[in-house]
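K.L.:
Chain residues, written in single-letter form:
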Amino acid sequence: MHFELTEEQTLLENMVTAFVRDDYNWETREKIVKTEEGWKPENWSKFAELGLLSVPFSEDHGGLGGTAVDSMVVMEQFGKGLVVEPFMPSILLSGNLISKLANESQANEIIPKIIEGESRYVFAYAEPQSRFDLSDVKTSATKDGDEYTLNGFKSVVFGASMATHIIIAARTSGDQRSEDGITLFLADIKSNGITLQTYPTIDEYRASEVVIENLKISSDMVLGEVDKAYSVVEEVIDLATIAACSEAVGILQVLKDSTIDYCKQRKQFGQPISKNQAIQHKLVDMMIEYEQAKSILYAAVTADLSNADERKKAVSGAKARIGQSIKFVGESAIQLHGGMGMVDEYMISHYFKRATMLGVLFGNVDFHMKRFVGLTQSNIEPIDGSATIRGGY
Amino acid sequence: MDTTFSSEDIAFQNEVRDFIANNYPQSLRDSIAEKKRNNEELSREDLTTWHKILGKNKGWSVPGWPEQYGGAGFTPTQKYIFEQECARAECVIVAPFGPQMCAPVIYTFGNEEQKAKHLPGILSGEVFWCQGYSEPGSGSDLASLKTTAVKEGDHYIINGQKTWTTLAQHADWIFCLVRTNPDAAKPQEGISFILIDMKTPGIEVRPIYLMDGINEVNEVWFDNVKVPAENLIGQENMGWTYAKFLLAHERSGIAQVARSKKAIERIKQIAAAEMSYGEPLIQDPAFQRKIAEAELELTSLEYTELRTLAKDSAGKGPGPESSLLKIKGTDMQQKLTELAMEAVGYYANPHMGTSLSNEYVGPDYSTNLSGSYFNFRKASIYGGSNEIQRNIIAKMVLGL
Ligand SMILES: Cc1cc2nc3c(=O)[nH]c(=O)nc-3n(C[C@H](O)[C@H](O)[C@H](O)COP(=O)(O)OP(=O)(O)OC[C@H]3O[C@@H](n4cnc5c(N)ncnc54)[C@H](O)[C@@H]3O)c2cc1C
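These protein sequences, in sequence, are chains A and B.
The letter at position 385 of the first sequence is residue 385 when you use our numbering, and the numbering goes up by one with no holes.
The letter at position 323 of the second sequence is residue 323 when you use our numbering, and the numbering goes up by one with no holes.
Here chain A stands alone, though its shape is the one from the complex (with noise of 0.2 Å):
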């Protein structure tokens, strides 16, 4: 037993906080998120050089063949540097979907692109009436002979802006909320019959509405079997959140550090702040909550991933017990650094806002407390003696 990285899991992590430290310093991610397309493309490529894109996908077609360990230590890093280029939907979510999907054509074609940096895919599952629920879709595709046409609406889309390729979830069969009848559809995000409504997040994201009218596409795009999506997609979303939160550990880690560092810093009444005993429990507080944050980020990655209920009750266990932590070190960190935390130009509300948004990717709070209790609370056996009542019956 032991939580120890591999040689090749502690280069990686090498690489990419080097690069977070390097090329990702505080001022350059300023001007990076105020430009209009709120990305910097050289970054991709520089993410290419360094085989980040190929994470995900298998070593037979030149990937990594990564594992929940791997996007852990990548995108805990990234957190740390609020790193705003779509590593997470596009090669942790859309690639892991094309890598478990793609059949061997669609594999030859797609994967060598995104592994060089050219194609960048996104995947489009949300809705405005679905919430977190993967199976709520009314984004329709109805088959005409070798063509489906697809219409609907989706949400909150990701990197859209910055992507060459969708991929999006529709309803083939089956009522709006039944699991069977999605099926994933590859298109190019050029496509006549996409429409982009593009902004940015509060934190500095950029994400899209897609309007989808009469959008044509051939049915050899079609990707994985058609009305069989769900349960993949479900697993894809599952190792995502993981990738989000891991993404958060590394922010809380920030948040908690910088609050440590500026307590020590600031004086009133002739003191660092820091030697009021009310700030100490605060930070000590905090620095629970990290730990366990990180603990249960922990217990997921080293799960058994491949039992779907192993998997489902580590996944939303860890993001619920994390997204309690986001708020209680969020909060705090903004309380403790009294008006500086409320600044814009000051980063610890960066990573607050961050933060706070990873805690809905994906589902919430709510939500995965509801999914963990469903996995963890049915078929318990009621306790013996539950029948002998006793006194007067």
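Treat each hint with caution, since some may be false.
[To be verified] Some chain A residues well away from chain B (every beta-carbon gap over 10 Å; in silico):
| no. | residue |
| --- | --- |
| 1 | Lys34 |
| 2 | Ala48 |
| 3 | Leu50 |
| 4 | Glu59 |
| 5 | Asn103 |
| 6 | Asn108 |
| 7 | Gly174 |
| 8 | Asp175 |
| 9 | Val211 |
| 10 | Val232 |
| 11 | His281 |
| 12 | Glu381 |
[To be verified] Here are the simulated lysine-lysine pairs, DSBU-like style, with alpha carbons at most 30 Å apart:
| no. | chain 1 | residue 1 | chain 2 | residue 2 |
| --- | --- | --- | --- | --- |
| 13 | A | Lys370 | B | Lys79 |
| 14 | B | Lys186 | A | Lys275 |
| 15 | B | Lys244 | B | Lys117 |
| 16 | A | Lys275 | B | Lys378 |
| 17 | B | Lys79 | B | Lys117 |
| 18 | B | Lys244 | A | Lys353 |
| 19 | B | Lys36 | B | Lys79 |
[Stated by the list, open to error] If you want the ones that stay clear, here's a sample from chain A, every Cβ over 10 Å from chain B, calculated:
| no. | residue |
| --- | --- |
| 20 | Lys100 |
| 21 | Ser274 |
| 22 | Thr356 |
Just so you know, these hints were derived from the structure itself, not from any lab.
By construction, the Cβ of each residue, glycine as well, lies at the ideal position given by its N, Cα and C atoms.
Given the coordinates of chain A, assemble chain B with the ligand onto it according to the supplied hints.
P.N.:
Okay, now just chain B with the ligand, sitting in the frame of chain A:
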């Protein structure tokens, strides 16, 4: 990263499981169940029988000791497995005062005679110990303690009062912090660590009843108690250093994760039996949420403990992280005793086993659950209160 057990670990786990199955006496199980039901104190026999059985098996009563003193020499993973198995089988907890608190000070700072005299009895469970640190005026600020030890020839004369002394009513020996130099520059510098035979004339033990009605702690009064000077551990006035060493020493098990896991399992089963709105309580979303939150907190804590253990195995030495385990571990115990009480609704009320109530009411499993809730408020007070633990982290870990 790898949290699976090696095949050796699994073999060890089976060995522990078999040992418990074959050696934990049913009579002990029954006796403890009966006491709990009747809200009675455990007897000395209840407290020591299992200790004695473990003591005859390769030092399993003292898993943390070095092998040269008869300890089991467990790896950190083995310690973890051992605790988990004992909790799973609901074995009575081996009282920590001798094995975990006093003995490490003896084998680290004591002389050969002291080791030879005391360690075997602690290992075997024949000699029962209690801890005499706290005093009426000295709780969190322990270094202010006033019980005096004045050297007279080859003896110390002890005067003063200890309090909150857990299970002193059963103890053969007490290890105490006493003031040997009232004029020291700092209060910490005038304190010594001394072992006292509870049968020495001048010692009086007076019971204190806690809010659940149980005599768990006591006052221990010392009136001109004559203690051989050879009972002083290490050097005079160095007692504070030894006591502090102890604080960071024995951390495994401090979080009581395995016991809390068992408790959650039980709460779920109780909630599956209790009815609310015509359905089992376990289907009530409000209660479900509380169970889930507790379970997740416990998983986090388990991995926090595993991470510390892994650090220990890698030889990276223990640190003040034990304070974190203490805070979260006791939070957990308190949360779970609360949930268990809450689960039984009105049947939290009856107080069974007093002289006024000898007929049992309510479902079997509900008996005295509220007693546990009230009793476990102690957990965030003793062993260095959770506020004091935060002070320690603030200073030692965060450098504030
Ligand atoms: C059930 C039980 C069993 C015990 N068993 C033993 C035993 O076997 N042997 C033994 O020696 N002792 C034992 N104790 C005593 C225990 O260690 C003390 O109760 C504990 O150290 C707290 O001291 P106190 O009770 O005097 O509280 P106080 O020190 O008076 O504290 C009162 C409150 O003030 C807070 N406080 C105090 N100082 C600070 C500070 N600097 N910053 C912030 N908050 C502070 C405390 O956290 C607490 O909430 C036991 C106690 C209990 C309840």
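K.L.:
Taking the minimum C-beta separation from Val232 of chain A to chain B, is that value above 10 Å?
P.N.:
The claim holds: Val232 of chain A sits with its nearest Cβ about 25 Å from chain B, beyond 10 Å.
K.L.:
Checking a non-interface call: every C-beta of chain B should be farther than 10 Å from the C-beta of Ala48 of chain A. Is that right?
P.N.:
It holds; Ala48 of chain A is separated from chain B by about 27 Å at its closest Cβ, greater than 10 Å.
K.L.:
Sort out whether Lys117 of chain B lies within 30 Å of Lys79 of chain B, counting only the CA atoms.
P.N.:
The given pair, whose Cα atoms are some 26 Å apart, holds under the 30 Å limit.
K.L.:
Non-interface claim for Val211 of chain A: all C-beta distances to chain B beyond 10 Å?
P.N.:
With a cut-off of 10 Å, Val211 of chain A remains clear of chain B, as the shortest Cβ separation is near 37 Å.
K.L.:
Using Cβ atoms and 10 Å as the threshold, tell me whether Lys100 of chain A really stays out of contact range of chain B.
P.N.:
Per Cβ check, Lys100 of chain A is outside 10 Å of chain B; nearest 23 Å; holds.
K.L.:
Within 30 Å, alpha carbon to alpha carbon, are Lys275 of chain A and Lys378 of chain B?
P.N.:
Judged against 30 Å, a Cα distance of about 28 Å means the pair holds.
K.L.:
Classify the label on Gly174 of chain A as holds or violated, using whether its beta-carbon is more than 10 Å from each beta-carbon of chain B.
P.N.:
The assertion about Gly174 of chain A holds, with a minimum of 28 Å to chain B.
K.L.:
Was Asn103 of chain A rightly flagged as not at the interface, with every chain B Cβ beyond 10 Å?
P.N.:
33 Å, holds
K.L.:
Taking the shortest Cβ-to-Cβ distance between Asp175 of chain A and chain B, state whether it exceeds 10 Å.
P.N.:
Consistent with the label, Asp175 of chain A stays out of reach of chain B, its closest Cβ about 25 Å off (over 10 Å).
K.L.:
Would the hint linking Lys186 of chain B and Lys275 of chain A be met if the CA-CA limit is 30 Å?
P.N.:
22 Å, holds
K.L.:
For Ser274 of chain A, which was marked as not at the interface, is the minimum beta-carbon distance to chain B over 10 Å?
P.N.:
Non-interface label fails for Ser274 of chain A: nearest chain B Cβ at 4 Å, not farther than 10 Å.
K.L.:
Quick one: work out the minimum CB distance from Asn108 of chain A to chain B and report holds if it exceeds 10 Å, violated otherwise.
P.N.:
Asn108 of chain A clear of chain B: closest Cβ-Cβ about 33 Å, beyond 10 Å.
Of the hints listed earlier, those the structure fails to meet are numbers 11, 12, 13, 18, 21, in rising order.
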